[in-house]
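*Asks:* Below, each chain spelled out in residue letters.
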Amino acid sequence: MCKNIVMNIYDKLRKNIAQMDDIFKNSIDIIKRDLKLQEKIDVRVYMIDGMIDKMEVEHFVIKPLLSIDFLDKRPTLDYIIENIISPSEIATAHDFDKCVKAILDGDSVIFIDGVDGAIIIGAKGYKVRAATEPPSSQVIKGPREGFTEDVKHNSIQLRRKLKTPDLRIERVRVGKYSQTNVFICHIAGIADNEILNKIKNKLENVDIDGILDSSYIAQMLDESKYSLFKQVGTCEKPDILASKLLEGRIGILVDGSPIALSLPFLLFEDYQSPQDYYERAYRATLSRFLRILSVIICTFLPGVYVAAQLYHLQLIPLKFLTKVMGSVQNIPLSPSLEMFLVILIFEILKESSVRMPKYVGMALSVVGALVLGDTAVNAGIISTPSILIAAISGICMYTIPDQEDALSVLRLLFLLLGSTVGIFGIMLGTLFLLVYLVSLSSYGTPYLAPFAPMVTSDLKDGIVKQPLTKMKKRPFSIKATNRTRQK
Amino acid sequence: MNDVKNDKIKLNQIAMIFFTIIPITKFIILPSAISKIMLNDSWIVAGILMALDILIAVIILTCYKRDSSMSFLDISKNAIGKYPTKVICIIYFSYFMLKAVLPAVELKRMFAGAMYETIPRVSLLIPLFLLAAFCAYRGIKSLGRAANILGWISILSIVILMLLSTPNIDITNILPIMNRPYRGVTDSILSVAAWFGDFIILLTLLGKISDSKKKIAKSLLYYIIIGIIVVLLFIILISIYGDITAKQVNAIFKISKFNTSLTKLGRYDYIPIIFLMACTMFASIMMFYASNEFLNYAFEFKHKFIAPLISCIIAIIIILIINDQFAKLFEFVGKFFSIASIALQYIVPLFIPLLQRISIKKLSKCDAKK
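Taken in sequence, the protein lines are chains A and B.
Note that my numbering gives residue 158 to position 158 of the first sequence, counting from 1, and the numbers run on in steps of one.
Note that my numbering gives residue 9 to position 9 of the second sequence, counting from 1, and the numbers run on in steps of one.
Since the hints were derived computationally from the structure, they do not count as laboratory data.
A couple of the hints might just be wrong.
[What the hints assert, rightly or not] Some chain A residues flagged as far from chain B (calculated, every beta-carbon gap over 12 Å): (1) Asp22; (2) Asp42; (3) Tyr79; (4) Thr132; (5) Lys163; (6) Lys319; (7) Phe320; (8) Tyr359; (9) Leu370; (10) Ala406; (11) Ala452; (12) Lys470.
[To be verified] Under the rule of at most 35 Å between Cα atoms (straight-line distance), these lysine-lysine pairs were calculated in the DSBU-like manner: (13) Lys460(A) to Lys10(B); (14) Lys470(A) to Lys8(B); (15) Lys8(B) to Lys460(A); (16) Lys473(A) to Lys213(B); (17) Lys323(A) to Lys254(B); (18) Lys254(B) to Lys319(A); (19) Lys304(B) to Lys230(A); (20) Lys319(A) to Lys247(B); (21) Lys247(B) to Lys460(A); (22) Lys257(B) to Lys323(A); (23) Lys213(B) to Lys472(A); (24) Lys304(B) to Lys479(A).
Backbone N, C-alpha and C fix where the C-beta goes; we use that ideal spot for every residue, glycine too.
Could you build the full structure based on these sequences and the hints that come with them?
*Replies:* Now the structure itself:
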C-alpha cells in the first residue's frame with residue numbers, strides 16, 4: 001500500500017473513524033454507515049459501493065445489530081460474531097492494514113465503540129462476467145465454462161472440478177498499489193514442494209506498483225527473461241487447469257484476469273488441446289501430427305520458398321516450377337522482398353483487425369483480402385504464389401494460438417536466413433533453435449521434455465497419444481511426489 | 001571451466017549422438033574415396049573400420065564402468081603428470097579441430113555441387129562454427145538433448161532413403177567378394193581412417209555420464225547397429241552403381257535419385273537429404289565440442305566462454321586458409337591425417353585402461369597416506 005498503516009485499532013470509535021477517514025480521505029465510493037446499538041453504543045460500517053452484496057449486509061449484519069434488545073455489558077467481538085450477526089464469511093481484525101485491505105477487496109468492516117478490534121464481513125457482491133467459453137480454447141465436445149476476471153469465482157470453478165481437501169489454495173498479495181490477489185493452487189501430495197516454495201518466494205518478493213493481468217505475474221516468474229518462447233503455461237478453462245494440477249503442476253489465478261497460469265511449463269503443452277482428452281486417442285494423435293506439421297509449415301515455408309527461388313530451383317518439382325516462374329517473371333520485386341512485403345501486410349492486417357471496432361472488421365477483411373490482394377496481383381506487384389504461401393503460413397500459425405508470438409518472429413527470422421544464405425542458413429538457424437530450446441528449462445523441467453531428454457513413459461501423451469486407461473503414471477518430466485495416476 | 005557437476009549426459013543420448021553423426025559423415029565423400037582403391041569391396045573396409053571403432057568404444061566404456069567419476073583429465077594427470085597431459089590434450093585438440101573442419105568442408109562442397117545454383121563462399125561456414133561455439137558453451141547436456149531429436153531424424157531419413165533406393169538395387173554388383181588384394185584393404189584403411197573413429201569422442205565424456213552402468217551393454221548394441229547401418233549404406237550404393245561407385249562423390253544425393261516416383265513428384269528425397277545435411281552440421285559441432293574440451297583440459301580456463309571462443313577463432317582461420325582448396329585438403333587428409341588418426345583413435349585409447357589403473361592406484365596410495 002502507499003502508506004504504512006500497520007497500526008492497531010483503538011477502542012475509541014472516534015479515533016478509529018478519524019484514522020479511516022484519513023486513509024480514504026476523499027473517496028466518494030466508500031460507504032460509511034453509522035448505527036447505534038440500544039441507542040448507546042456507536043457503530044460504524046465501512047464498505048465500497050458496488051463491491052458488496054447490500055442485501056446480505058442489510059439482512060445478516062445491520063438488521064441483527066439494530067434489533068439487539070438487551071445487552072448487560074459492552075459486547076465483545078466474539079459475542080457479536082457468535083450471537084448477533086450471521087453472515088457465512090466472517091473474520092476479526094486488530095489492525096487498520098487488514099481492515100483497509102478487506103474493504104478494498106469488497107468486504108464490509110464494522111467498528112464498535114469500546115472494542116479494540118473490527119469485524120470483517122465477507123459479503124462481496126460485485127457483478128461478475130458469466131463463465132462463457134473462452135474464444136481461444138473452444139472445444140466441440142467437452143466443458144465450455146471458462147475463467148472470468150474474478151479470482152474467487154475462478155477458484156470456486158476449480159474447487160468444483162477437484163473436490164478434495166488436498167486442493168490447497170494459498171493467497172499472496174502482489175502490487176504495492178493494486179494489492180492484487182494471487183491464488184497459488186496445488187494438490188498436496190502430488191505437487192513438488194520445492195517448486196511450490198520457489199514460486200511462493202518469487203511472488204512474495206515481487207516489488208511492483210501494480211499487477212493488472214496474469215501476464216505480469218507470468219513475466220515475474222519467467223526464468224529466461226529475454227526468451228523468445230513463453231516460460232509459463234496459460235489456460236482459460238477450469239478443466240484444463242485441473243488436469244494440470246493433477247499432473248503435479250502448480251496453478252496460479254490472478255484477480256482481474258481470466259487467464260490462469262501453470263508451472264512448470266513444457267513446450268509440448270501448447271500442442272495438446274483439451275479436445276484431445278475428450279475424443280478417441282487416434283483422432284487426438286492425428287490432430288497433434290497436424291499441429292506439428294502446421295507449425296513447421298508456418299515457420300519454414302516462406303523461408304524455404306524464397307531460398308528455393310533464389311538458390312535452389314532444383315528443389316521445386318518441374319511442373320510446379322514452370323507455374324511459379326510464369327507467375328513471378330514480371331514481378332518487379334525480388335522474391336525475398338516480395339515475401340517480406342506480403343508477410344508485413346499480413347501482420348499489419350492482423351494488428352489492425354485486433355484493435356479495430358468489430359463493425360469495421362468486416363470491411364477490413366474485404367479491403368485486406370480482396371481489394372489489396374487482388375489489386376496487387378493484377379497490378380503485377382505481388383505474385384499469387386507469394387500470397388498463397390503467406391496465407392498458408394498465416395493459417396497454420398493459428399493451429400497453436402498460444403505460440404503465435406514466437407512463431408511470427410521465427411517465420412521472419414527464417415525468411416531472412418532463407419533470403420540471405422539459402423537452405424544452409426535455414427538449417428543453421430534450425431540447429432541453433434534446437435540447441436537453444438533444449439537448453440531452456442522451466443523450474444527444473446527440461447523445456448522440450450518428453451522428447452529431449454527422452455522420457456519414454458511420458459510419450460504416452462506425446463505425439464502419439466495413448467488411450468486414457470494406459471496413462472497409469474503422472475508425467476515423469478514434471479517433479480511430483482506421487483506418481484500413480486490410476487491403478 | 002564448464003560446470004562439470006551439472007553438465008551430464010546419459011548413455012542413450014550418447015548413442016543418439018552417434019546415430020546422428022556416424023552414418024551421414026561416412027556417406028558423402030568417403031564411399032568414393034574407398035571405392036577408388038577397393039571398388040565393390042569398399043563396404044568391407046567400412047565394416048573393418050567400424051568394427052575397430054566399436055572396439056575402441058568398448059575400451060573407453062570399460063574405463064567408465066571401472067570408475068564413472070574419472071574424467072580423461074583426471075586419468076591422464078594422475079597417471080603421467082600435468083605437462084605430458086597438456087601435450088596430449090593439445091594434440092587431441094588439433095585432431096578434433098581437423099575432424100570438425102572435415103565434415104564442414106564436405107558439407108560446403110556438397111552444397112556447392114548439388115544444392116546451390118551459384119557457388120557459395122567458404123565464409124558460409126563461419127556461422128556454423130559460431131553455432132558450434134555456442135553449443136560448446138552450452139555444454140554436453142544440451143548437445144545430448146539435441147541428439148535425442150536429431151538421432152530420430154537421422155534414423156528416419158536414412159530409412160526413407162534406403163526404401164527409395166531399394167527398387168534400383170542389384171545385389172550382384174557387390175560380387176565377387178574380396179576380389180582385391182589384401183594390400184588394398186590396408187592401403188584404403190590408411191587413407192580413410194580420418195573419416196572414422198567417432199567413438200573417440202567418448203574420451204571427452206568420461207566423468208560426465210550420469211547413467212546406470214547396466215546400460216552399457218545396450219549402448220554397445222546401439223553402436224553395433226550404427227556399424228551395420230554404415231555397412232548397409234555402402235552395400236546399397238555399390239549395388240546401385242557397381243563399378244562406377246568411385247565417381248559418386250556426394251553419395252547421399254545419389255542413393256535415391258533413380259526412384260521412379262521422383263520424376264512424377266519432384267525430388268522429394270531432398271527432404272531427408274537436407275535433414276541428414278543438418279546432421280552433418282551436428283557432426284562438425286560434436287567434433288568441435290570435443291576439441292574445445294581438450295583445449296579446456298590443456299589450459300583449464302577459469303571462464304566458461306574462453307575455450308569455445310579460442311576454438312571458434314582457430315576453426316574460422318583454418319576454414320579461411322583452406323578456402324576452396326578441397327583437393328589439397330583431401331590429399332592431406334588421405335596421406336597424413338589418416339595415419340595420425342590411426343594412432344590417436346586406435347592406438348592411444350588402448351592405453352587408457354592401463355592409465356586409469358595407474359591413476360586409481362596412485363589415488364588410493366595418496367588416500368592411504370592421508
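*Asks:* For each hint, tell me whether it holds in the structure or not.
*Replies:* Here's how the hints hold up against the structure:
1. Distance to chain B confirms Asp22(A) as a non-interface residue, since its nearest Cβ pair spans about 55 Å, more than 12 Å.
2. Even its closest Cβ contact with chain B, about 66 Å, leaves Asp42(A) beyond 12 Å, as expected for a residue assigned away from the interface.
3. Residue placement check: Tyr79(A) keeps its beta carbon more than 12 Å from all beta carbons of chain B (closest about 61 Å).
4. Even its closest Cβ contact with chain B, about 39 Å, leaves Thr132(A) beyond 12 Å, as expected for a residue assigned away from the interface.
5. Taking the minimum C-beta to C-beta distance to chain B, about 39 Å, the non-interface status of Lys163(A) holds against the 12 Å cut.
6. Its beta-carbon lying about 8 Å from the closest one in chain B, Lys319(A) breaks the requirement of being farther than 12 Å from that chain.
7. Annotated as non-interface, Phe320(A) brings its C-beta within 12 Å of a C-beta of chain B; the closest such distance is 7 Å.
8. The Cβ of Tyr359(A) sits about 46 Å from the closest Cβ of chain B, beyond the 12 Å cut-off, so the non-interface label holds.
9. Against the 12 Å criterion, Leu370(A) stays outside the reach of chain B, whose nearest CB is about 32 Å from its own CB.
10. Non-interface call for Ala406(A) relative to chain B: holds, since the shortest CB-CB distance, roughly 18 Å, exceeds 12 Å.
11. A beta-carbon of chain B comes within 12 Å of the beta-carbon of Ala452(A); the shortest separation is about 4 Å.
12. The beta carbon of Lys470(A) is kept farther than 12 Å from every beta carbon of chain B, the shortest such distance being approximately 22 Å.
13. Between Lys460(A) and Lys10(B), the direct Cα distance comes to roughly 21 Å. Compliance with the 35 Å bound is thereby established for this hinted pair.
14. Simply put, Lys470(A) and Lys8(B) have alpha-carbon atoms about 31 Å apart, close enough for the 35 Å limit, and the pair holds.
15. For the given pair, Lys8(B) sits about 26 Å from Lys460(A) by alpha-carbon distance, which is consistent with the 35 Å threshold.
16. The hinted pair formed by Lys473(A) and Lys213(B) meets the criterion: a straight-line CA distance of about 26 Å does not exceed 35 Å.
17. Between the alpha carbons of Lys323(A) and Lys254(B) the distance comes to roughly 27 Å, so the proposed pair stays at or under 35 Å and holds.
18. The straight-line distance between the Cα atoms of Lys254(B) and Lys319(A) is roughly 22 Å, inside the 35 Å bound, and the hint therefore holds.
19. The suggested pairing of Lys304(B) with Lys230(A) holds, with an alpha-carbon distance near 27 Å, which does not exceed 35 Å.
20. The hinted pair formed by Lys319(A) and Lys247(B) meets the criterion: a straight-line CA distance of about 30 Å does not exceed 35 Å.
21. Proximity of Lys247(B) to Lys460(A) is assessed by CA-CA distance (about 47 Å); at most 35 Å being required, the pair is judged violated.
22. Between Lys257(B) and Lys323(A), the direct Cα distance comes to roughly 24 Å. Compliance with the 35 Å bound is thereby established for this hinted pair.
23. Our distance criterion of 35 Å between C-alpha atoms is met by Lys213(B) and Lys472(A), whose separation comes to about 28 Å.
24. For the given pair, Lys304(B) sits about 29 Å from Lys479(A) by alpha-carbon distance, which is consistent with the 35 Å threshold.
Of the hints listed earlier, those the structure fails to meet are numbers 6, 7, 11, 21, in rising order.
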